[in-house]
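As you go down the protein sequences, you meet chains A and B in turn.
Heads up: the first sequence at position 85 corresponds to 85 in my numbering, and the numbers run straight through without jumps.
Heads up: the second sequence at position 12 corresponds to 12 in my numbering, and the numbers run straight through without jumps.
Treat the hints loosely; a few may be bogus.
[To be verified] List time: in silico DSSO-like cross-link candidates among lysine-lysine, alpha-carbon distance up to 30 Å:
1) LYS366(A) - LYS197(B)
2) LYS391(A) - LYS197(B)
3) LYS197(B) - LYS375(A)
Quick caveat, the hints were computed from the structure, so don't treat them as lab data.
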Amino acid sequence: MLEVTGFTKRFRGVAALDNVDFSLNEGEVHALLGENGAGKSTLINLIAGTFPWAEGVYRINGRTITSLTPHVAQEIGIAAVFQEFSLVPDLTVVENIFLGREQSSGLFLKRKQMRQAAVELLDSLGFHLPLDENVAFLSRAQKQMVEIAKALRMSPKVLILDEPTASLTDGEAEKLFNAVALLKARGVGIIYVSHRMSEIRNLSDRVTVLRGGKKIGTVVTAEISDEGLIEMMVGRPVEQLFPKIEHKPGPVRLEVRDLTTEKRSVIGASFTARAGEVVGLAGLVGCGRSELCRAVFGLEVVETGAIMLDDKAVERPTPTSMLAANVCYFPADRGSEGLALARSARENATMSSLDLPELSSGPVLKFWRENETIKTPLANLALRPMAPERKASAFSGGNQQKLMLARGLMKPFEVYLFDEPTVGIDVGAKADVYNLIKSLVEAGACVVVSTSELPELINLASRVYVMHEGKVVAELAKHELSEAQVLSHYFGGHA
Amino acid sequence: MSMEAKTQPMARLSGLSLMDVLRVARLPIAIVVVLMLFGLVEPRVLSLGNFRNIALQTSYLAIFAMAQTMVLLTRGFDLSLGYTVSLVSVAASMAMVAMGGGDASILYGVGAALLVAGVIGLANGVLIAGIGINPLVTTLGMANIVLAFASTISGGFPVTGLPKGLTAEFAQRSPLSIPMPIWIAALVFVLLFLVLKATRFGRSLYIIGANPRAAVAAGIRTVPVLVAAYTLCALLAALGALLLTARTGSGEPNLGGNLTLEAIAAAVVGGVRLSGGEGGVGAAVLGALFVTVLSNGMNLVQIDGYLQQICLGVIIIVSLIVNRDDARR
Chain A
1 MLEVTGFTKR
11 FRGVAALDNV
21 DFSLNEGEVH
31 ALLGENGAGK
41 STLINLIAGT
51 FPWAEGVYRI
61 NGRTITSLTP
71 HVAQEIGIAA
81 VFQEFSLVPD
91 LTVVENIFLG
101 REQSSGLFLK
111 RKQMRQAAVE
121 LLDSLGFHLP
131 LDENVAFLSR
141 AQKQMVEIAK
151 ALRMSPKVLI
161 LDEPTASLTD
171 GEAEKLFNAV
181 ALLKARGVGI
191 IYVSHRMSEI
201 RNLSDRVTVL
211 RGGKKIGTVV
221 TAEISDEGLI
231 EMMVGRPVEQ
241 LFPKIEHKPG
251 PVRLEVRDLT
261 TEKRSVIGAS
271 FTARAGEVVG
281 LAGLVGCGRS
291 ELCRAVFGLE
301 VVETGAIMLD
311 DKAVERPTPT
321 SMLAANVCYF
331 PADRGSEGLA
341 LARSARENAT
351 MSSLDLPELS
361 SGPVLKFWRE
371 NETIKTPLAN
381 LALRPMAPER
391 KASAFSGGNQ
401 QKLMLARGLM
411 KPFEVYLFDE
421 PTVGIDVGAK
431 ADVYNLIKSL
441 VEAGACVVVS
451 TSELPELINL
461 ASRVYVMHEG
471 KVVAELAKHE
481 LSEAQVLSHY
491 FGGHA
Chain B
1 MSMEAKTQPM
11 ARLSGLSLMD
21 VLRVARLPIA
31 IVVVLMLFGL
41 VEPRVLSLGN
51 FRNIALQTSY
61 LAIFAMAQTM
71 VLLTRGFDLS
81 LGYTVSLVSV
91 AASMAMVAMG
101 GGDASILYGV
111 GAALLVAGVI
121 GLANGVLIAG
131 IGINPLVTTL
141 GMANIVLAFA
151 STISGGFPVT
161 GLPKGLTAEF
171 AQRSPLSIPM
181 PIWIAALVFV
191 LLFLVLKATR
201 FGRSLYIIGA
211 NPRAAVAAGI
221 RTVPVLVAAY
231 TLCALLAALG
241 ALLLTARTGS
251 GEPNLGGNLT
261 LEAIAAAVVG
271 GVRLSGGEGG
281 VGAAVLGALF
291 VTVLSNGMNL
301 VQIDGYLQQI
311 CLGVIIIVSL
321 IVNRDDARR
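With the hints as extra help, turn the sequences into a complete structure.
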């Protein structure tokens, strides 16, 4: 149905996509796999008409297309859901779904019809959304659902999904998978970009692997192993994704007692974390585990409760005071809270450490020593490319994550709070992050990891706290850790 | 400077094309081209005397553009800058006249200028950073307040009778035959360049502008940094106001009318980004030179004043578009 051959795209002379062939059949789910920067985004953007291709032939239903804009792409039946949302926060769910395609009679919008159509569309996907709520008030997962519904309003023949589950919990993802199956049965061809091996395995018919802008190959999913796919993707065999961590629990470094935030995102939560262990925080997106980390670091206003570091209560934590007390927090959303994307890699790596004697004395910033200071942390994290003067925005997702993590290596911190440390990064970079956690813990640091990736918790953590609606509902020891065990507490009750 | 200058060209050496050179050096090229074009119509544009004139004009605007840059870098701006210049001019003049108008009174004038500007800048900073009011609203409101003060205390008339030491001796002095304002603008440039490059405060301005939330999460104390930025902006405006007052020879309630826009325009044309976190004082000075060359040329070929305003507006918009494309790469 859709076929592109010899697709090439250059950005400032550098080939982001180099002579790539790709085809999609009716009712097929075709997965795109590759590390960050492999060319997946470029390929789907070309197919969706975001920007023009330099060379190559684009055919859909036998018709050759010479140029494309996003609007024309929609008309010929190509819809895309990208990671960055294109929703208007101040409009309602219904208004967003029909944004730019409003149905009207004369001057007036057919509000009733549109609402009805939205209800039918969402029902057919099994999504439950507050139709008249402004999108600004929705969770990330709900926004994702609106975005998908919006893409489907034109009944497209080709649907592009770019990491659709990156911000969804397992339950929400399940709904998405059902929707994908439904669309597939209706004959829609789906291009599915994901880093999650299990999704690719369960959903896709074929997989195309890209690396460094080139196509490595297209394979039938059922005929290749996970290891085989990873090897195609990274170009070398990956031994084990999760390193074996030696936990040596020492004294309690961080203790939170009965903590409630002003916004009630965390209610009466308590936990302890010891030196030399990884403590996991599990739960649905929005269960409060993220806010718990933020509260400890002084980014959420605490109403009641105590935060103790080495048995000493912390009064009114602020990021500045917590960093000084050797607590380091890595935000979940590196774009909005982690990085100054317009600034260089160097400045991003040092921005939380400007008070170190290596980098400043009094108000004077020893900029001439900056490169020396960041050399080891960036080398340990294997930043690629090793270009400290490059803007942070020019790095791939995984390497942006490394820039943020580099801050934690500028000085020996005692407590590390990781919030979704591997969201939206490729397998290779994930392994680097896990190895970083391993080396920190084995050097005696206390590590807290809040994540929606269950395999991470099970493989990395020595203990896991499960949260539900702001409360800690369970504590699981290492020997009790299994996906089923953790999941059984996700909805608060005991299964 | 050293590391940045060394690594950048090395990394790019392979792909360095004519387009790259044009992009990096477009503003200096544009300045030369504009000079040449005006020179064709009116040869006086290219005279040594006019170059000196352009340099002198640029020095004032450059100080205001650099002042504005301090807050533009943080994703803010100061719409009260122009009227601050007016109020400082009037208040400093009145202080000097009140103290007898002798050379000894200059010190009181400078003191009054710093006091007035300090209060305005501090108020802007506290309202924006401490209370969290939008910079647009805050400084627009402040602009009105300051304008009202300037008009009221002066009664709307120029304040005359300034010390000769300021208007004749200081303003006319030209060490090494370079006029005083150029020396002072150069000094301000060097100091601010060092502040931005080699202080934690300077670095914090960039980080806050590029991503305020990330700055907080990185432990940067954003409130004091922002308050200092707005105060510094106002104090630099006061310095420029004193220089302008020395030149005109009187305290002028209308001195700063167009300065707010011109200062922002100069900085933006130079490449300081309205979205914060990018640019520097070098960009502000270059932008000020461009704007001055343009208006000087238009004056000499006798283009109508309103048409000049239109040109300035068009230039701002064009430079925003050009710089935006730059950011996308």
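### Task
Could you tell me which of the numbered hints above are not met by this structure, giving the numbers in increasing order?
Structure breaks no hint.
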